[in-house]
Each structure stands twice: as C-alpha cells, then as structure tokens.
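Protein chains in written order, with our numbering: chain A, 207 to 656; chain B, 207 to 656.
By construction, these hints were calculated from the structure, which means they are not laboratory data.
Take the hints with a grain of salt, since some may be wrong.
For chains that are exact copies, the list does not tell them apart, and a pair is met inside one copy or across any two.
[Claimed, not checked] Here are the simulated lysine-lysine pairs, DSS-like style, with alpha carbons at most 30 Å apart: (1) K446 <-> K547; (2) K583 <-> K547; (3) K343 <-> K573; (4) K451 <-> K547; (5) K335 <-> K356; (6) K343 <-> K451; (7) K395 <-> K561; (8) K351 <-> K451.
2 protein chains.
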Amino acid sequence: MNQPISILGAGLIGSLLGVYLKKRGLDVHIYDKRSDWRSQQVLSEGRSINMAISYRGWKALQKAGLKEKVEAHTIPMYGRRIHDEHGVTYFQPYGKNDEAIYSVSRNILNQVLLDEAEKEGVQLHFEHKVDHVDVSKNSIDFSLKDGQTKTCKSEVVFGADGAFSSLRTAMQKQMRLNFRQEYISHGYKELTIPATEDGAFAMDPNALHIWPRGNFMLIALPNQDKSFTCTLFMPFEDEKISFDKIRDEQDVVTFFQTYFNDAYQLMPSLTADFCQNQTSALVNIECYPWTVNHCTLIGDAAHAIVPFYGQGMNSGFEDCFILDGLIEKYGTFSWDLVFEKFQKMRKPDTDAICKLAMDNFKEMRDKVSDPRFLIRKKIEAKLHELFPYDWVPLYSMVTFTDIKYSDAYAIGKVQEAVLDKVMSDPFIAQKWENLDYHAILDNVETSRAV
Amino acid sequence: MNQPISILGAGLIGSLLGVYLKKRGLDVHIYDKRSDWRSQQVLSEGRSINMAISYRGWKALQKAGLKEKVEAHTIPMYGRRIHDEHGVTYFQPYGKNDEAIYSVSRNILNQVLLDEAEKEGVQLHFEHKVDHVDVSKNSIDFSLKDGQTKTCKSEVVFGADGAFSSLRTAMQKQMRLNFRQEYISHGYKELTIPATEDGAFAMDPNALHIWPRGNFMLIALPNQDKSFTCTLFMPFEDEKISFDKIRDEQDVVTFFQTYFNDAYQLMPSLTADFCQNQTSALVNIECYPWTVNHCTLIGDAAHAIVPFYGQGMNSGFEDCFILDGLIEKYGTFSWDLVFEKFQKMRKPDTDAICKLAMDNFKEMRDKVSDPRFLIRKKIEAKLHELFPYDWVPLYSMVTFTDIKYSDAYAIGKVQEAVLDKVMSDPFIAQKWENLDYHAILDNVETSRAV
C-alpha cells in the first residue's frame with residue numbers, strides 16, 4: 207500500500223486541498239503547528255480578517271461540493287463605495303448588475319473547510335511543528351507540544367503552509383531554488399466598525415468601502431454580525447504620513463478626524479484597537495521550481511501576493527482546482543508528471559497575478575478618486591456593455607471569469623493602451639458618451655493582430 | 207568600555223575587514239564554524255580554487271598594508287588565451303601592456319590575510335557555529351564543537367559569512383528584508399592540469415586560458431607550483447550537452463577528446479578528478495537593507511555574484527575599503543550613520559556588478575570566439591589607445607580602475623550602443639583600421655549629453 211499524503215498547513219488552501227485529495231480516495235493527513243482553533247471562541251470572535259471570494263474561488267469550492275456551505279456565510283459586495291475627505295460617498299460597480307465579490311471571515315471559512323475535510327475522512331494533526339523535511343525521501347520531522355518528536359514518511363508532501371512555508375525553507379537548503387521575497391513600503395493594521403446600537407450595519411453592507419488618500423487608504427468589508435472589518439494601509443516610515451508618525455492616542459484621533467472623519471464617527475474603540483492591534487507587513491514571494499521529487503508547494507507557499515486584487519485566496523483555490531484536474535487526467539500514480547505539469551502550467555499565471563496585485567494597489571489608493579479615472583471606468587463599462595464578449599475589463603477578467611491570469615494580463619495591457627489613447631483627448635470629459643465605440647474596439651483588434 | 211566587534215566568517219572578506227578594524231584600534235573577534243584550516247596541509251594542497259585579483263582588490267589590500275605580502279603569491283595574467291576546437295590558440299590582451307589580473311590560490315590568500323589579522327591582534331575563534339543572532343541586541347549564540355553553547359554581546363556584528371550568511375538568515379526572520387536568490391542553469395566542476403614531467407608549466411602561465419564552446423566552457427588559471435586549476439562551466443541538465451549527460455568515465459573521455467582535446471592531453475588525472483570533484487551551483491544573491499541596528503552584511507553575504515567578471519572577491523575587498531573610509535570620516539561612535547551611508551552608497555554599485563557578471567558569462571562562453579567580436583575588441587582597443595581618457599573599455603573600467611561599478615555600467619551601455627552602430631556596417635571587417643575614430647568618439651559624447 208502507498209504511504210499517506212501529507213499536507214503541511216491547515217489553513218484555507220490546505221483544508222480545501224485535503225477535501226479534493228480525499229475525494230480521490232487517498233489517505234490524507236493535514237499537519238499544523240497551531241492547536242485546533244475551531245474550539246477557541248477567542249479567535250473566531252477576535253481579530254477577524256476578511257476575505258473576498260470571487261469567481262475562481264467559487265469554481266474551486268463548487269467542484270469540491272462546498273459552494274452552498276460557504277455561501278451561507280458570505281455577504282455580496284457589488285462594487286466599491288468611495289468615501290472622500292468630506293464624507294461624501296459614491297459607488298463604482300465592480301461589474302454588471304449581478305456580479306459581486308463575497309465578503310467572508312477567514313476564520314469561519316477555514317472552520318467550514320476543516321470541518322468538511324474531517325468529515326470526508328482527512329486526518330487532522332494539530333500542534334505538529336515541522337523541524338525538517340528531507341525532500342529526497344518525502345520525510346517530515348515534527349516536534350510535538352509535549353516535546354516528543356515524530357517522523358512521517360509520505361507518498362507526497364504538499365506545502366500549503368503559507369508565505370513563510372517550512373517546506374520551502376527545507377527546499378531552499380536542498381536544491382537550487384530560485385527565490386524572491388519583496389516587502390512593500392506599506393504595512394496594515396486592522397480596525398473595526400461595530401454594528402449600530404440598534405443592531406444594524408453602520409454603512410451600506412453590499413459594498414467594499416474605500417477611503418483613498420493617495421499614499422495611504424482605509425478599506426472596510428462587511429461581516430455577518432453587522433460589523434465591518436477595516437484595514438488601514440499606510441507606509442511604515444520615511445513618509446510625511448506613516449505608521450511611525452502616529453505615536454500616541456491623540457495622534458490616532460487627530461489623524462482619523464483629519465482624513466477619515468466619517469469612519470472615525472463610527473469607530474468607538476478606535477484608539478484601543480489602534481494601539482493593541484499589531485502593524486503587519488506585506489510581502490510578495492515568488493519562487494521556482496515549486497516541486498522536487500514528490501514534494502510540492504501550493505498557494506501562498508509558492509506565490510504569496512499583496513492583497514490588493516483580492517486574489518490571494520482565490521488563486522490558491524484555483525491552484526487546487528487545476529491540480530485536481532491534472533490528477534483526474536493522469537491519476538495518482540504519476541505524481542512527477544502531475545507536479546511537473548502543474549508548475550509549468552501555473553507559474554506564468556501566478557506571476558501575472560503578482561504583478562496585477564501590485565498595480566491594483568496603486569489604483570486603489572490613488573486613482574479611484576481621480577475624476578478622469580472615473581470617466582475611464584465609465585468608458586470601459588460602456589465598451590463592456592456594447593461588446594460583452596470582445597471587451598471585458600481587466601478587473602472583470604480577473605474577478606468574474608477564469609481566463610488565465612497571464613492572458614488577462616496581456617489582454618489588459620492592450621486595452622490599457624487603447625484607453626490611454628482615448629483618454630489623451632483633452633475634451634474627453636465632455637464627449638465620452640458620444641465616442642465611436644466601434645472604432646475603439648477595432649483598435650483593440652488591430653493591436654492584437656500585431 | 208565598548209563591547210567587542212564581532213565578524214562572522216574568517217574567509218577572505220572577514221579576514222581583511224578584521225585587519226582594517228583592528229588598525230582602527232577596535233577589539234575585533236572573528237568567528238568561523240570551520241576548524242583552523244591553516245594547519246591542515248590537505249586543504250591547501252587539495253582542491254585549490256583560484257581567484258584573480260584586479261585593481262579594486264589591490265587598492266584595498268594596499269590600504270591595509272598587505273599588497274607586497276600578497277603579491278609574492280600571485281601570477282600575472284595579461285590577457286585571455288583562447289583555445290579553439292582544433293587546439294589553435296590566440297591571445298586577447300585584457301588591457302594595455304602592463305595591465306594584468308593576478309592569479310592566486312584562495313587558500314594561500316586566505317592564510318596570508320588570517321595570519322596578518324592574528325598578528326595585528328584580531329582574536330580568531332574557530333569551530334563556532336552560529337545558532338542565532340538577535341539583531342536587536344547584537345547578540346550571537348554559538349554552538350561549539352564540544353556541544354557547549356556561548357552567547358556573545360557585541361558593539362557591532364558583521365556578516366562576512368558568504369552567500370549563505372547566518373546573519374542574513376537571522377535578519378530575514380526579524381525584519382522586512384527584501385531578498386532574491388537566483389541560480390543559473392550552469393554549474394561548475396574543478397579539474398587540474400599538473401606541471402609537466404620536467405617541472406614546467408604545460409601552457410603559457412601569463413594568461414587566463416579559455417576554451418569557449420557556446421553553451422559551455424573550460425577555463426584554466428596558473429598556480430605557483432606550475433599547475434593550472436581548470437574549471438568546467440556547463441548546464442546541469444536539460445541541454446544536449448550538460449553535466450547529467452556525462453554518466454561514466456568513458457563519457458568524460460569522449461567529451462574532452464571531442465571539445466577540449468588539447469587540454470585533455472595535459473590532464474592525466476581527468477577521469478578521477480571528474481568523478482571525485484563535486485559539481486557546484488552558481489547563485490546570484492541580492493538583498494536590502496544590508497544593515498539593521500548595529501548588524502551589517504558585507505561581501506558575498508550582501509551580494510553574491512556569479513564569477514564571470516572575476517569581481518566577487520574584488521568587490522568584497524572594495525566593500526572593506528569603502529567602509530573603512532566611512533569609519534575614517536565618521537569615527538567608530540556613529541555606527542548607524544556609517545552603515546546607513548555604506549549601504550546607500552554601495553548598493554547601486556553591487557547591483558551593477560551583479561548584472562555585469564551575468565553579461566560577461568555570455569561574452570566568455572560564446573562571443574569571444576566570434577570573429578566579429580574580435581574586430582569589435584580591436585576597434586575598442588584602438589579607441590582606447592587614441593583616447594586613453596575618453597574611451598576606456600568596460601572591461602578595463604571594471605578591472606583596472608576604481609570607477610564606481612554603476613558608472614562603469616552606464617558608460618559601458620553608451621559605448622556599447624556606439625559600437626553596435628559601427629559594427630552594423632557589413633564591410634566592417636575590411637575597413638575597421640581606417641574608420642574615422644574621432645567621429646566615433648563624438649558619438650559617445652553626443653549620447654552622454656542626451
């Protein structure tokens with residue numbers, strides 16, 4: 207009989223992967239260094255990071271039979287609601303009427319997936335800290351909570367253990383692994399807008415709220431308990447406005463009153479949250495190869511990205527979907543082939559989403575409040591309305607389709623060049639509704655032919 | 207009194223840095239995980255990697271008062287001697303008549319530097335393996351050979367511990383360190399051409415010998431014992447000719463007879479050397495920042511480069527020279543300032559030499575045997591002869607001057623564009639001696655002005 211399949215990491219990707227592999231009839235074990243947080247009220251009630259599930263994520267959940275179970279815990283967001291410095295807001299739809307991304311608490315989602323994995327028969331092993339992985343033997347050394355150690359030989363080892371993956375660290379010492387880790391200048395801090403006193407949402411729940419302020423921004427996503435989880439993105443240091451300049455509670459209050467006054471009015475625990483919650487870093491990680499022998503990286507362990515396209519989890523779920531498709535095709539007796547195909551097929555796409563996520567950061571914090579950018583978005587929306595199959599805006603390709611990220615990136619570049627040209631007209635604000643939209647589309651087709 | 211200065215790594219850079227710092231009156235300790243190899247005959251007589259000292263290296267050695275001591279152990283190489291597939295050789299001078307790079311054994315050079323550091327009063331601690339560096343406290347935990355552990359608090363910690371630096375690994379866990387590690391497809395294996403039976407050099411000793419063969423190449427550097435150290439650079443795998451295709455002794459013989467027959471005739475221990483000596487990888491490492499608190503990376507630990515410009519050690523020695531200049535200027539009570547200036551000033555230059563080293567790989571393995579490349583080199587040599595201050599070939603700027611690497615890179619790009627234009631003339635082979643060389647130089651000046 208074959209040795210078991212080991213998955214390192216019981217997070218979102220590890221749990222979903224576990225469900226997929228178990229459904230293929232494999233003996234699947236998930237290991238995590240943390241204790242089983244599902245029993246700990248504090249975690250699910252405390253700091254709740256929110257995720258936004260979009261098309262790729264849903265597709266992967268559906269194939270695993272989990273779509274309905276997850277759906278019950280989500281809130282649809284149909285667009286961005288932009289808040290300016292005077293508290294005036296306006297709405298930018300993400301796509302067409304019914305297109306939305308879905309806010310969900312990371313903890314609740316993880317719990318649903320883990321429960322499901324366990325129900326399917328995946329063995330969960332908490333409090334297993336990886337000491338070493340011998341990649342030539344697919345053998346993992348763990349240390350347990352009681353000081354004991356344990357060695358597990360596996361048929362296959364998956365590193366679904368996140369941006370600071372233990373499997374990747376082990377691979378780095380045992381093979382020629384190309385690796386790049388880049389921190390951005392910005393960090394983030396989580397804050398909260400609670401439900402109102404009469405138990406309602408304090409703002410429109412069906413939108414992702416953004417307070418764009420140039421080099422920094424605040425965002426808020428709705429939770430099912432009627433609260434919003436807010437995230438402040440700002441440079442760590444070396445800027446006029448940065449985390450290191452906010453030194454005490456009075457600085458926090460002044461800063462929020464100045465830049466986010468409408469949000470400030472809804473944040474009773476702001477100063478305490480600000481001082482207690484840590485400021486976290488944002489890192490972009492690329493590496494290659496992802497696989498050696500029967501070990502492979504997946505999700506953030508292979509390609510951690512910044513969160514500005516909302517595709518970190520979605521791309522990891524899509525990894526699982528694609529990998530499962532390869533297992534379907536080649537079986538579970540050709541892991542070498544499956545992994546080789548997986549990394550060759552998938553790497554250009556995760557590289558593309560890495561770049562897109564960085565680009566979208568600039569768009570979110572800066573451009574969304576620019577009137578010319580709004581006109582540009584309207585022109586794009588009109589193009590999409592007129593030619594629903596021939597002009598799909600980049601954001602929609604990434605978020606509402608499963609077009610390969612690398613194709614979306616390439617098509618997006620062509621469309622961007624065409625729109626740059628349209629926008630170069632100084633009177634565009636006056637005449638955008640009466641443009642020759644067919645001629646614009648022709649430009650795209652000419653560019654593609656070249 | 208201040209705490210001691212700790213240098214991790216007793217290699218070339220660590221030893222030279224130790225001499226510099228000791229001369230500044232500091233209490234300097236060098237730690238290395240290896241045992242003291244100076245007493246071990248086997249190492250200095252065995253596999254001997256060769257280095258080529260060029261202008262920047264000599265300048266740094268001279269300031270430390272070590273130039274004469276080192277000079278005695280070197281052999282000047284005035285140019286490349288190219289070997290074609292029929293054993294025909296020709297000579298390409300590196301620079302003007304007296305310009306040379308100097309071959310020296312890494313072990314002998316290291317020994318000279320370490321002896322000198324010890325003589326100056328630097329304390330050497332061998333068999334000290336770094337377990338952890340707490341960068342916020344400049345505190346290092348070592349484990350010793352007998353299983354004991356030891357903690358050293360330091361005023362300053364230098365990581366001169368090479369491409370796989372322990373200090374850098376510690377920094378990576380404790381700060382937002384941007385980091386990139388890229389392996390090239392080629393590996394290398396060291397071989398040897400011994401002295402002839404009557405105790406002479408088997409080839410011209412005053413040249414760096416190259417057998418360029420497109421995607422792979424052999425080089426040889428002279429040793430004072432009349433032998434040559436040879437290095438074969440070749441892809442690891444996935445190519446028609448690569449290390450993985452050479453499977454047994456017969457393959458080795460066939461391969462050498464086919465591509466390097468003149469060298470093969472001089473290599474009696476070839477098959478044994480080939481099978482015993484490991485195939486090593488080549489990695490390019492960039493990171494930033496280099497410094498946090500009172501800890502700083504230097505040499506390969508900060509910027510490991512591929513060996514194809516012969517600047518790995520030279521750039522590390524230049525790091526020491528520049529750092530010492532900053533200490534001279536700002537004193538030993540402003541380490542923060544010294545380190546901040548050091549990394550800001552030096553990073554663009556080490557980035558430039560990284561790129562140049564990769565580019566030179568292509569030149570060495572490929573272009574040096576191209577007749578058009580030879581004409582190009584002759585045109586450059588003539589330009590340099592006519593305008594010794596206004597046209598200095600890139601190789602000469604890097605090797606025979608201390609022009610900042612980043613400036614050399616930028617000037618090199620301008621000169622390259624001018625020469626590309628000159629070379630685009632299909633009849634250049636016939637008329638290169640009668641070109642209007644003043645007009646060519648004018649092109650450079652126009653480009654720079656733009």
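Given a CA cutoff of 30 Å, do K446 and K547 count as a within-copy pair, a between-copy pair, both, or neither?
-> between (48 Å within a copy, 22 Å between copies)
Could you place K343 and K451 in one of the four classes (within, between, both, neither) given a Cα distance threshold of 30 Å?
-> between (50 Å within a copy, 24 Å between copies)
Measure nothing new, just compare the shortest in-copy and cross-copy C-alpha distances for K451 and K547 to 30 Å and report within, between, both or neither.
-> Between copies only: 23 Å across chains, 49 Å inside a chain, cut-off 30 Å.
Checking K343 and K573: alpha-carbon separation at most 30 Å within a copy, between copies, both or neither?
-> neither (51 Å within a copy, 42 Å between copies)
With identical chains treated as interchangeable, where does the CA-CA distance between K351 and K451 reach 30 Å or less: within a copy, between copies, both, or neither?
-> neither (40 Å within a copy, 47 Å between copies)
Checking K395 and K561: alpha-carbon separation at most 30 Å within a copy, between copies, both or neither?
-> Intra 23 Å, inter 38 Å, cutoff 30 Å: intra-copy only.
At 30 Å max between alpha carbons, let me know whether K335 reaches K356 within a copy, between copies, both or neither.
-> both (10 Å within a copy, 26 Å between copies)
Go through the copies and call it for K583 and K547: within, between, both or neither, with a Cα cutoff of 30 Å.
-> neither (37 Å within a copy, 45 Å between copies)
Against the hints set out earlier in the document, violations occur for numbers 2, 3 and 8.
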